[in-house]
Amino acid sequence: MAMQISFDSVTADYQIGPIRSPRVLDSIDLLLPAGSFTAVIGHTGSGKSSLLKAMNGLIIPYDGKVTIGQTTIKAGKNKKALRAIRQKVGMVFQFPESQLFAETVEKDICFGPLNFGVSLVEAKSIARVVLKQVGLEPSILSKSPLSLSGGQKRRVAIAGILAMQPDILVLDEPGAGLDPIGKREILQMITAWHKEKKLTTVIVTHDMDDVALYADDVVVMEHGQVVKHDKVRSFFTDVNQLNEWHVDVPQARSLQLQIEQETGIKLPGVCLTLPELADALIEVGIV
Amino acid sequence: MNKLILGRYFPGDSWIHRLDPRAKLVAAIYFIFVLFLANNWQTYVFLWLFTTAVILLSNISIRTYLRGVRPLIWLILFTVFLQVLFTAGGEIYVDLGPITISKFGLINGFYIFCRFIMIIFISTVVTLTTKPIDLTDGMNALLRPLRKLKVPVDELSLMLSISLRFIPNLLDETQKVMDAQRARGTEFGEGSLVKQMKTLVPIFLPLFVSSLNRAEDMANVMEVRGYQSDVKRSTFRQLSWQQKDTISLLVMAMLTVALLVLRSNGFGH
Ligand SMILES: Nc1ncnc2c1ncn2[C@@H]1O[C@H](COP(=O)(O)OP(=O)(O)OP(=O)(O)O)[C@@H](O)[C@H]1O
Ligand SMILES: [Mg+2]
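Just so you know, the sequences run in chain order A and B. Be aware that the first sequence starts at 380, since it is given in our numbering, and climbs by one per residue. Be aware that the second sequence starts at 3, since it is given in our numbering, and climbs by one per residue.
Everything labelled a hint here was simulated from the structure, so no lab data went into it. The structure displayed is predicted, hence computed values, not measured ones. The reader is advised that the hints may include incorrect statements.
As the list claims (entries may be wrong) - Keeping only pairs whose Cα atoms sit at most 25 Å apart, straight-line, the calculated DSS-like set for lysine-lysine is:
#: 1; chain 1: A; residue 1: Lys486; chain 2: B; residue 2: Lys197
#: 2; chain 1: A; residue 1: Lys486; chain 2: B; residue 2: Lys178
#: 3; chain 1: A; residue 1: Lys459; chain 2: B; residue 2: Lys197
#: 4; chain 1: A; residue 1: Lys458; chain 2: B; residue 2: Lys178
#: 5; chain 1: B; residue 1: Lys178; chain 2: A; residue 2: Lys456
#: 6; chain 1: A; residue 1: Lys503; chain 2: B; residue 2: Lys200
#: 7; chain 1: A; residue 1: Lys467; chain 2: B; residue 2: Lys178
#: 8; chain 1: A; residue 1: Lys562; chain 2: A; residue 2: Lys511
#: 9; chain 1: A; residue 1: Lys522; chain 2: B; residue 2: Lys200
#: 10; chain 1: A; residue 1: Lys458; chain 2: B; residue 2: Lys197
With the rest of the complex left out, here is chain B (with noise of 0.2 Å):
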C-alpha cells in the first residue's frame, strides 16, 4: 500500500510545480483526447518525445512514474492481448478461426499500449505536481460554470478535498492497525483465500471505527464553526493564472497541429 504512486503528492519547485492547477487539469484532459489523433508511427514518437519532456520538466525520476505504472500493469497487457486476438488485417502470423495475430493487430496492440502508458504518465505529472488542495481548487473553478444548472460544485469539491485531506491519515491508521494485528499473529497474505478474507476483519472494524468517529468529529467542528453550506464564500487560496500557463496552453495547441500535420489521412486503414 505504501508503493502507491497515484494520487501522491511530490513536493518540488520545478516549472511544472508551478503551474496553475487549472491549466494543468486543462492540458492533461485535452492531451487524453489529442491522443486519439495519432495513427502512425511518426505521431506516436511525435507523443512519446512529448511525454518524455513533460516528465523531464517535472524533475520527478522517470522510476517514479515507472511504479506509478505498476500496478495497473496487468490491466493494460490484458487490453493490449485482446486488442491483438481480435484485429485482423494485413499479413497474418496464427490464424485460429475469429481469432488470429496479424500485422495490423501487433501493430494496434502496440499503439493501444503506448496510449495507456502515456494517459498513466501524464495524469501522474499532474497529481504528482499539484497539491491535492490545489487540485480541488482547480476542479472547482473549472467547474463553476456548472452551478447555473443548478450542480453543487461547492459542495462537491468539498467533499472532494475533505476525502482527499483524509486519505494519508487513512493510510496511517491502516499502517498502525495493520502492525498492531501483526504483533498479534496475524499473517497477511498466507493461506486460503477465505483465510486471507479473514485476516481483514480486524483490520477494516477498527478503520470504519476510527472513520465514523473522524467523521463525526469533524461534522461538529464544523458546525460549532458555524459553517453553512449555502451561502457564497471567498477562496483564502487564490489561483493565479500567468503567462506560463498560457504557454502551457499553446504548445497544447502546436501539439495538436503536429499530429495533424503527420498523421495519416486515412490512408493505409
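Isolated chain A (complex conformation) (with noise of 0.2 Å):
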C-alpha cells in the first residue's frame, strides 16, 4: 500500500557538540502524493540528504513536522512513531555497501526484517526473493559481504532494505559510484520494484538523464529550502529558468533544443527521451 509523506513547514539542523548548522531544512513545505515517483536534485550541501533522512525520524524537526501515511514525527520525543516510520520507510544511503557486517550476505539482508519481527524462516525466503530482484545469484547468499565487488556490494545493500518490505523507498545517490550499466541496472531495477509494489520512491540523483528517465516528479532543493516542485516534463520546459538553478537538461531536451536552434523547426511537446525524440522527428518531417 503506497503512502503519502507530507513536510509541514519543516525546519531541521544538525548539532555537532556546541555547534549548531544553521537551517539544514529551512521550513519545508512539500507534499509527494501516495505512489508518486520523485526525483530530488539541487548543488551539493543543499540539503537533499538531509531531507531524506527527515523521511525516516534520522533527523527530527525542531520546528513543523513531517507525516508519513498516518504517523507524524514532530520535535519532542516520538519513540513509537520512529519506530513505525522506519518499517515502513527503506532507506538507502549514500554509498550503503558501508553498512555491511555480516559474515554472510543471508545474514546482512536478513538484519532488517529480522528487527522488524520477522521470523527467520520468513526473512530467509524474502532473503531469496530479494535477491533475484537486484539481479544476483542465490548461490552468493552463503559468501561473506567483504568478498564481493563494489557493485555486488550496492546490491545487496539495496536488497537489505527491499527485505525490509517498506512501503516508501528513499535512495539518496544509489547510482553514485557505478559503472553506467550498473547504475542503468540498478535504476531500472528500482523502477521495476515501485511500480510492483505499488511504493512511494524519493530519489537523490545528479543526473538529469535519470531524472528524465525514471522520476515522475522533481524536487530542487537550495540552501535548505525546496524551490521547485513540478511534474518532470514540465520542469524541463523553460530552459532559462533551468540556467538560474545551475540545473543541467537531459540528453534528448539539449539535442531537441539544438535542432530546434538549427533548423528554425519547433518540435511538438518537450523530448526526454531519444525514442520520445525520434518520433518528434518524424512526426514534423525531419527525418
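Two independent chains are provided; combine them into the complex using the hints.
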C-alpha cells in the first residue's frame, strides 16, 4: 500500500558538539503523493540527504512536522512513531555498502526484517526474492559481503532494504560510483520494484537523464529550501529557469533544443528521451 | 557522541587562540602542578579568578566548558565523595567507625572538586583554542630533546597527528553507520545489556573494515610519495615564539609567586 509523505513547515539542523549548523532544512512544505516517483536534485550541500533523513526520522525537525502515512514526527519524543516509520520507510544511504557487517550475505539481508519481528524462516525466503530482484544469484547468499565486488555489495545493501518490505523507498544517489551499465540496471530494478509494489519512491540524483528517464516528479533544493516541485516534463520546459538553478538539461532535451535552433522548426512537446525525440522528428518530417 | 567537547577545536581569533601552541602546552601543564600549591580558601579563590580570566580571554562561552565537564562529572563526584568520607579532622558531623564526615573532610572534598574542574577547564582551553595539527607540532617541538635518548619523537608525533586527523572522519563514519543501522530497525540504548552489546556489532564491524582500508590506503599513498621515516626533515608550518608567549609564561610565574604568598605555610594542617 502506498503512502504519502508530507512536510509541514519543517525546519531542522544538526548539532555537532556546541556548534549548530544553521537551518539545514528551512521551513519546508512538501507533499509527495502516494505512489509517486520523485527525484530530488540540487547543489551539493543543499540539503537533499537531510531531506531524506527527515523522512526516516533520522533527523527530527525542531519546528514543524513530517507525516508519513498516518504517522507524525515532530520535535520531542517519538519512540513509537520512529519505529513505525522506520518499518515503513526503506532508506538506502549514499554508498550503502559501508553498512554491510554480517558474516554472510544472507544474514545481512535478514538483519532488517528480523529487527522488525519477521520470523527467521520468512526472512530467509524474502532474502531469496529480493536477491533475485537486485539481479544476483542465490549462490552468493552464503558468501561474505566483504568478498564481493563494489557493484555486488551495492546490490546486496539495496536488497537488505527491500527485504524490509517498505511502503516507501528512499534512495540517496543509488548509482553513485558505479559503471554506467551497473547504474542503469540498478535504477531500472528500482523502477520495476516501485511499480510492482506500488511504492512511493524518492531518489536523490545528480544526473538529469535519470530524472528524465525514471521519475514522475522533481524537487529542486537550494540552501535547505524546496525551490521547485513540479512534473518532470513541465520542469524541463523552461530552459532559462533551469540555468538559473544551474540544473543541466537531459541529453535528449538538449539535442531537441539544438535541432530546433539549427532548423528553426519547433518540435511538438518536450522530449525527455531519445525515442521520444526520434518520434517527434519523424512527426515534423525532419527525418 | 556529538556532544563530546574534549579534544575538539573551536575556530576563533582570541588572544589565547593566537598564542604559540608550545606556550599553551607548557602553561597548561605547569598550571596542573602549581594547582597543588593551593591549600586555603584564598589560594583557591585566586586560582578561580585566574581560570575565569583565561576562559573569558578565550572568547568561548562558559557553557561550552561546562559541557566538557559533564561526561566526567560522576567520576569526579565519586572521588570527592571518597575524599570526604576518609578524611578526618576538625568538627565531626557523622561518625560511623572508620567512616566519618568531618569538617576537614568536607573542606578537602571541596578543594579537590575545584582542582578537578580547573584542570578540565584549563586543558579544555588548550584543546578548544588550538588546531590539533598545531598541538602536535607543539608537542613535537617540546619533546625534541628526547631524541637524544633515541626516542622516536618524529614518528610518535606523526602517529599522533594522523590519529588526530582521522578522529572527525571516524566520528562522521560512526554517525553514518549508526544512521544506516537505525534505518534497518536497530534501536540503540534499549533493552538488556546483552541486547545493547549486540547492537554494537553492526556498528563496529563496518567501522573496523573501513578504518583498516583507510590505513592501508594511507600507507600506500605515503609509500608512493616517497615517505621515509629515518630522514631529517624540515617543517612546513613554522612555530614562531612571540612576545605574548613570553608574557603568558611570565603570568604563570607571577601566579606561582602569588600562590606562594597566599598559601598557609604548614599552619592549620
Ligand atoms: N552529519 C552532519 N552534521 C552536521 N552537519 C551536516 C551533517 N550532514 C550534513 N550537514 C550539513 O548540512 C547541509 C546539507 O547537507 P546534505 O548532506 O543534506 O547535502 P546534500 O544536498 O545531500 O549534498 P550532496 O549532494 O553533497 O550529498 C550541509 O551544509 C552540511 O554541511
Ligand atoms: Mg547527499
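The hints, checked one at a time:
A C-alpha spacing of about 17 Å is found between lysine 486/A and lysine 197/B, which places the hinted pair at or below 25 Å, so the restraint holds. Distance check on the hinted pair: lysine 486/A and lysine 178/B sit about 21 Å apart at the alpha-carbon level, within 25 Å; holds. Distance hint between lysine 459/A and lysine 197/B is fulfilled; the C-alpha atoms sit about 19 Å from each other, no more than 25 Å. For the proposed pair lysine 458/A and lysine 178/B, the alpha carbon gap of about 20 Å is at most 25 Å, so the pair holds.
A C-alpha spacing of about 22 Å is found between lysine 178/B and lysine 456/A, which places the hinted pair at or below 25 Å, so the restraint holds. This hinted pair checks out: lysine 503/A and lysine 200/B have alpha carbons roughly 21 Å apart, not beyond 25 Å. For the proposed pair lysine 467/A and lysine 178/B, the alpha carbon gap of about 20 Å is at most 25 Å, so the pair holds. Restraint check for lysine 562/A and lysine 511/A: satisfied, since their Cα atoms lie roughly 17 Å apart, inside the 25 Å limit.
With a C-alpha separation of about 22 Å, the suggested pair lysine 522/A and lysine 200/B falls inside the 25 Å cut-off, and the hint holds. Annotation: proposed proximity of lysine 458/A to lysine 197/B holds, straight-line Cα distance about 18 Å (limit 25 Å).
Consistency with the previously given hints is maintained throughout, with no hint failing.
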